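Engineer: Each chain, written out:
2 protein chains.
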Amino acid sequence: MKDLTAQQSKVLNCIEESINKTGFPPTRAEICQKLGFKSPNAAESHLRALEKKNIISIAGGSSRGISIKNKKSSSGASIPVIGLVAAGSATLASENIEREINVDPSLFSRNVDYFLKVKGLSMIEDGIYEDDLVAIHKTNDFKNGDLAVVRTEDDVTLKYIFKENHKLLLKPANKDFDPIHIDLRNESAEVEGIGIGLIRKN
Amino acid sequence: MKDLTAQQSKVLNCIEESINKTGFPPTRAEICQKLGFKSPNAAESHLRALEKKNIISIAGGSSRGISIKNKKSSSGASIPVIGLVAAGSATLASENIEREINVDPSLFSRNVDYFLKVKGLSMIEDGIYEDDLVAIHKTNDFKNGDLAVVRTEDDVTLKYIFKENHKLLLKPANKDFDPIHIDLRNESAEVEGIGIGLIRKN
DNA sequence: AAAAATACTATATATTTATACAGTATAAAA
DNA sequence: TTTTATACTGTATAAATATATAGTATTTTT
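Going line by line, the protein sequences match chains A and B. Taking the numbering used here, I'd label the letters of the first sequence as residues 437 to 638. Taking the numbering used here, I'd label the letters of the second sequence as residues 437 to 638.
Read the hints as simulated data drawn from the structure, not as lab findings. Just to be clear, a hint being listed does not mean it is correct.
As the list makes no split between identical chains, a pair holds if one copy fits it or if it spans any two.
[What the hints assert, rightly or not] Taking lysine to aspartate or glutamate pairs in the DMTMM-like style, the calculated list, with each CA pair at most 20 Å apart, reads: (1) LYS553 with GLU536; (2) LYS637 with GLU453; (3) LYS607 with ASP619; (4) LYS637 with ASP567; (5) LYS637 with GLU452; (6) LYS637 with ASP562; (7) LYS488 with GLU452; (8) LYS603 with GLU626; (9) LYS599 with GLU628; (10) LYS611 with ASP562.
Remember, it's a predicted structure, so these values are computed and weren't measured experimentally.
The task is simple: from the sequences and hints, build the whole structure.
Structural biologist: Next comes the structure, spelled out in structure tokens:
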């Protein structure tokens, strides 16, 4: 399957979010509003691109006629829990899966691909504690300030992300931890997904 | 909950079928076509009846704006979410139930009876934020230091609980809030349940 | 170097759709 | 007995919506 562009991913997210939140797909105008487009044709052409890539189907002549293909079982999905243990390990590879839990997919605003078990105290000031399970939506698309799972050259970390040109700032929520600065011209870094929720067990 | 009439059930089935088959809810006209009605108002009035009975919700001014409320999914128990709104109100009475969510019962250490939607910032220093859903196990048995839902004479509150003889201490996790001291000889207070976990949606 | 895909703005319009209003008729509840 | 809910037909229309067309600009592929 062809990869989606950043904009196409945004549109797809927007559709998923609408279905989860309202129960029905968005109109062209609603997509435009959410993503800041000024012409309905911006949404239209992205939808046609997604249709061409076989990600969605569009029912001609009917309003909100968008449906996402190969939709995963809508209820009670089994979602893996991944431990953030050693360097470079937050993948869905089976050896990293601690266990699976069943949650309502409509619980969070977007599709949850996995839960990341938090290690360390770097986000403690924003209420993210050790052993909390952070719900991750896999995407490489993010906004500044998003809570992101970032794979750097020698680590995988959960931090607030800010990007400005070639500079990446990974900001913890703990004054005892230093922000991580990455110059993308010298080092590589990849956004694996963004945090959309949290589960804590006492 | 009131029972549905035969026709209302047919309409509800029609909506479910449409969502399953096409991915989006039907229009009035489509309902009429499927069920053999000749007037769009036939569908409309059935929809309004279903809305009145709290089975569906209808988004005004938007096409196909029908969504089925608290649709249960196959796995995972359906657990109510209760808003901590006004004084003395955290009960399982249906008028306090904001919605229901499906979670794996084995997710938390004990049985979850309901989720309490947090209002206010009194527990913020321990990572419990406004609008977080705290998983509550109904019990009046507790240990000192437990996070408890306590019904006092004029309020329902979520605090750490400590009991010593006839004195009850309800301790917030926010230095801007004062601990609540209750002398059980003068005032009544009841433990509704204890917090065993948390769900946060970003 | 040319073609195709991406990523939009801007405008227009036919069609879809929700929704109101006016009726008719029957059954159930107050 | 009167009201309320159910169960429709039939007509009308404002608003919502899909969708076409005409552009501009950049990037990617061939």
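Engineer: All the hints need checking, so say for each whether the structure fits it.
Structural biologist: Checked hints:
no.: 1; hint: LYS553 with GLU536; result: within (12 Å within a copy, 25 Å between copies)
no.: 2; hint: LYS637 with GLU453; result: between (26 Å within a copy, 13 Å between copies)
no.: 3; hint: LYS607 with ASP619; result: within (14 Å within a copy, 46 Å between copies)
no.: 4; hint: LYS637 with ASP567; result: both (8 Å within a copy, 17 Å between copies)
no.: 5; hint: LYS637 with GLU452; result: between (27 Å within a copy, 16 Å between copies)
no.: 6; hint: LYS637 with ASP562; result: both (17 Å within a copy, 13 Å between copies)
no.: 7; hint: LYS488 with GLU452; result: within (18 Å within a copy, 28 Å between copies)
no.: 8; hint: LYS603 with GLU626; result: within (13 Å within a copy, 55 Å between copies)
no.: 9; hint: LYS599 with GLU628; result: within (15 Å within a copy, 47 Å between copies)
no.: 10; hint: LYS611 with ASP562; result: both (11 Å within a copy, 16 Å between copies)
Of the hints listed earlier, there is not a single one the structure fails to meet.
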